[in-house]
Amino acid sequence: MVYKIQQVETTSYSDQKPGTSGLRKQVKYLTSKINYVENFIQSIYNAIDDKSVIVCGGDGRFYSDAVIDKVVKISAANGIEKLIIGKNGILSTPAVSSIIREKKASGGIILTASHNPGGPDGDFGIKFNGKNGGPATEIFEESKSIKSYSICKDLEVKIDQIESKTFEIENNKKFTVEIIDSIETYLNLMKEIFDFNKIKTFLSKGDFNILIDSLNGVMGPYTEKVFVDEFGLDKKCLRNYKPLPDFGGLHPDPNLTYAKGLLDEMKTGVYDFGAAFDGDGDRNMILGKDGFFVTPSDSLAVIGANLKLIPYFKKTGVHGFARSMPTAPAIDQVAKKLGLKCFEVPTGWKFFGNLMDEKLISLCGEESFGTGSDHIREKDGLWTVLCWLSILAEKGTNDRASVSEIVNEHWKIYGRNFFTRYDYENCETKGCDLLMEHLNNYVQNKSLENKLFPTNITDLSQCYVVEKVDNFEYLDCGIRIIFKDGSRIILRLSGTGSTNATLRLYIDRYTKNEFLYTEETSKVLETLVKIALDLAKVETFTGMKEPTVIT
Numbered sequence: 014m015v016y017k018i019q020q021v022e023t024t025s026y027s028d029q030k031p032g033t034s035g036l037r038k039q040v041k042y043l044t045s046k047i048n049y050v051e052n053f054i055q056s057i058y059n060a061i062d063d064k065s066v067i068v069c070g071g072d073g074r075f076y077s078d079a080v081i082d083k084v085v086k087i088s089a090a091n092g093i094e095k096l097i098i099g100k101n102g103i104l105s106t107p108a109v110s111s112i113i114r115e116k117k118a119s120g121g122i123i124l125t126a127s128h129n130p131g132g133p134d135g136d137f138g139i140k141f142n143g144k145n146g147g148p149a150t151e152i153f154e155e156s157k158s159i160k161s162y163s164i165c166k167d168l169e170v171k172i173d174q175i176e177s178k179t180f181e182i183e184n185n186k187k188f189t190v191e192i193i194d195s196i197e198t199y200l201n202l203m204k205e206i207f208d209f210n211k212i213k214t215f216l217s218k219g220d221f222n223i224l225i226d227s228l229n230g231v232m233g234p235y236t237e238k239v240f241v242d243e244f245g246l247d248k249k250c251l252r253n254y255k256p257l258p259d260f261g262g263l264h265p266d267p268n269l270t271y272a273k274g275l276l277d278e279m280k281t282g283v284y285d286f287g288a289a290f291d292g293d294g295d296r297n298m299i300l301g302k303d304g305f306f307v308t309p310s311d312s313l314a315v316i317g318a319n320l321k322l323i324p325y326f327k328k329t330g331v332h333g334f335a336r337s338m339p340t341a342p343a344i345d346q347v348a349k350k351l352g353l354k355c356f357e358v359p360t361g362w363k364f365f366g367n368l369m370d371e372k373l374i375s376l377c378g379e380e381s382f383g384t385g386s387d388h389i390r391e392k393d394g395l396w397t398v399l400c401w402l403s404i405l406a407e408k409g410t411n412d413r414a415s416v417s418e419i420v421n422e423h424w425k426i427y428g429r430n431f432f433t434r435y436d437y438e439n440c441e442t443k444g445c446d447l448l449m450e451h452l453n454n455y456v457q458n459k460s461l462e463n464k465l466f467p468t469n470i471t472d473l474s475q476c477y478v479v480e481k482v483d484n485f486e487y488l489d490c491g492i493r494i495i496f497k498d499g500s501r502i503i504l505r506l507s508g509t510g511s512t513n514a515t516l517r518l519y520i521d522r523y524t525k526n527e528f529l530y531t532e533e534t535s536k537v538l539e540t541l542v543k544i545a546l547d548l549a550k551v552e553t554f555t556g557m558k559e560p561t562v563i564t
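For what it's worth, this note's numbering labels the leading residue of the sequence shown as 14, then goes sequentially.
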């Protein structure tokens, strides 16, 4: 059978600008707009030259099957030679990046809204990764001028069996759809990076218990393959490991608020190590015994300080580090001690890609629970967990080392960066814009520089004197208030929401005072939080007395 290509006239939309990482909208919005998804997929193909091989998959959230069907039909009509799809449409974001690089593909279409809720009342997302496996150039300009899309409406493909089929498309074109194992390529890469035997031996002794929570996202099959099949652990070590279209009602964001079920179990003292992943598997949260929380900034720094314990980096060497601007500069202290460069970039994983391609960095991370290395061009949750288990295995060869002991030892060497983030979700956009305008006045007028904020001088607080106020490098990347002691207050609007606005407030303070290391973060940062809320007039502009999430 020869499948015909149809040209369908359409009308462009003005709101298809991807956020920090891809286009994200509510399912109800997507399904209410004629050709909305078709337009965006066609815009991707209009924006790229190489159309030989495209990878497609996602976190299995609601509406995925319908969108995969559209991707297949539009890919066939646009001259794509081969479309590689994960079985049942399941591929983690790190897995897509690894497959693009392994297969030398033209790019990948990832169907996920990451850590946003799923289901009929939840969110859906589409993002495109380029040839290097990382987030690609925006396709917004193409989406604004699109007038038609191409589609083979009669072409149907089943994605529940591993197989390859080739279809005849008019004009003597051939189109191959290859359904692949969702895990195989990624697992093989992990085995090249880590010593699986050493980790397995460490975990098999039976006196170190772990608990891994996939929050009913894409990582369930990956964790089952790694921890049960490869490491031989009982499936009881896995929580919420079945991918569900609505994530079982869970909010697939691995933080102390939305992964509270894991946190509560860790607080019982039964488990020594805990981890959670977001919907598409690129974010992670690390916990130790009794619910000891490792901030993403500390996690990045600890991994950086111990990177040479991992076989991959013994072979490749360590080129340097990078972090996003809002991330507490704990990794900077590691870089300084090791004589390596540490780059500060705007929020968004795409800003790390060029540094990796130029071999300037080996490790990077964001405070938003994202850590990764140059093995792919995405943040990688399971990779991060395997890093921690590798470090624990190495340090626990003769005597058991705990997560908290490793972190406390790190602080003694490098100092501690206390860090917190306040999220004000689903705020009125107008109010948030006015808040940022209000803060920009500080930048333009330099009215805060050298301003003294007196506090009661105790072991936990000090006087804060403003050294600099700026709008970081790129317009709208975030307002920074930097104090002379190195403490920082940062406010920015997030690009990961699907409706209204999300205001994020970041606060960090560096100290080498060991008496403070065991204090509660909220107590150490109490004064800076008050300064930030008062200066930004957060309640006035957002109408919210409390943040939605504190991490």
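A portion of the hints provided could be inaccurate.
As the list claims (entries may be wrong) - As a list, the in silico DSBU-like pairs of lysine-lysine whose alpha-carbon atoms are at most 30 Å apart:
#, residue 1, residue 2
1, Lys46, Lys273
2, Lys211, Lys363
3, Lys116, Lys41
4, Lys144, Lys171
5, Lys249, Lys117
6, Lys100, Lys218
7, Lys187, Lys160
8, Lys166, Lys204
9, Lys211, Lys187
10, Lys117, Lys41
11, Lys464, Lys481
12, Lys160, Lys30
13, Lys64, Lys166
14, Lys95, Lys116
15, Lys408, Lys218
16, Lys497, Lys349
17, Lys218, Lys95
18, Lys186, Lys204
19, Lys30, Lys211
20, Lys408, Lys249
21, Lys464, Lys408
22, Lys144, Lys218
23, Lys187, Lys204
24, Lys166, Lys144
25, Lys95, Lys157
26, Lys248, Lys302
27, Lys363, Lys525
28, Lys160, Lys213
29, Lys350, Lys408
30, Lys17, Lys166
31, Lys204, Lys160
32, Lys116, Lys30
33, Lys178, Lys157
34, Lys218, Lys41
35, Lys171, Lys83
What the hints assert, rightly or not - Have a look at the derived ranges for each label pair, beta carbon to beta carbon:
#, residue 1, residue 2, range
36, Lys464, Glu243, 51 to 59 Å
37, Glu115, Phe153, 47 to 55 Å
38, Gly92, Asp194, 40 to 48 Å
39, Phe209, Lys160, 49 to 57 Å
40, Lys425, Glu552, 46 to 54 Å
No lab work stands behind these hints: they were computed from the structure.
Glycine residues also receive a C-beta, built at the ideal position from the N, C-alpha and C atoms.
Structure-based check of each hint:
1. Lys46 / Lys273: violated, 36 Å
2. Lys211 / Lys363: This hinted pair is violated, its Cα atoms lying about 33 Å apart.
3. Lys116 / Lys41: violated, 35 Å
4. Lys144 / Lys171: holds, 26 Å
5. Lys249 / Lys117: Judged against 30 Å, a Cα distance of about 38 Å means the pair is violated.
6. Lys100 / Lys218: Distance ~35 Å between lysine 100 and lysine 218 Cα, so the pair is violated.
7. Lys187 / Lys160: OK: lysine 187 and lysine 160 at ~26 Å, within 30 Å.
8. Lys166 / Lys204: violated, 41 Å
9. Lys211 / Lys187: It is violated: about 46 Å lies between the C-alpha atoms, which goes past 30 Å.
10. Lys117 / Lys41: Answer violated: lysine 117 to lysine 41 is near 36 Å, above 30 Å.
11. Lys464 / Lys481: holds, 10 Å
12. Lys160 / Lys30: Between lysine 160 and lysine 30 the Cα gap is close to 17 Å, so the pair holds against 30 Å.
13. Lys64 / Lys166: holds, 20 Å
14. Lys95 / Lys116: Judged against 30 Å, a Cα distance of about 11 Å means the pair holds.
15. Lys408 / Lys218: holds, 15 Å
16. Lys497 / Lys349: holds, 19 Å
17. Lys218 / Lys95: Distance ~46 Å between lysine 218 and lysine 95 Cα, so the pair is violated.
18. Lys186 / Lys204: violated, 38 Å
19. Lys30 / Lys211: violated, 45 Å
20. Lys408 / Lys249: holds, 25 Å
21. Lys464 / Lys408: Cα-Cα ~46 Å, so violated.
22. Lys144 / Lys218: violated, 42 Å
23. Lys187 / Lys204: Answer violated: lysine 187 to lysine 204 is near 35 Å, above 30 Å.
24. Lys166 / Lys144: This hinted pair holds, its Cα atoms lying about 28 Å apart.
25. Lys95 / Lys157: The hint holds at about 27 Å.
26. Lys248 / Lys302: Distance ~20 Å between lysine 248 and lysine 302 Cα, so the pair holds.
27. Lys363 / Lys525: violated, 33 Å
28. Lys160 / Lys213: violated, 55 Å
29. Lys350 / Lys408: Measuring from Cα to Cα gives roughly 20 Å; hence the hint holds.
30. Lys17 / Lys166: holds, 8 Å
31. Lys204 / Lys160: violated, 46 Å
32. Lys116 / Lys30: holds, 28 Å
33. Lys178 / Lys157: Measuring from Cα to Cα gives roughly 34 Å; hence the hint is violated.
34. Lys218 / Lys41: violated, 50 Å
35. Lys171 / Lys83: Holds, because 13 Å separates the two Cα atoms, which is no more than 30 Å.
36. Lys464 / Glu243: 51 to 59 Å: holds, 56 Å
37. Glu115 / Phe153: 47 to 55 Å: Hint violated: Cβ distance 29 Å, outside 47 to 55 Å.
38. Gly92 / Asp194: 40 to 48 Å: Cβ of glycine 92 to Cβ of aspartate 194: about 27 Å, so the range 40 to 48 Å is violated.
39. Phe209 / Lys160: 49 to 57 Å: holds, 52 Å
40. Lys425 / Glu552: 46 to 54 Å: violated, 39 Å
Checked against the numbered hints above, the structure breaks hints 1, 2, 3, 5, 6, 8, 9, 10, 17, 18, 19, 21, 22, 23, 27, 28, 31, 33, 34, 37, 38 and 40 and satisfies the rest.
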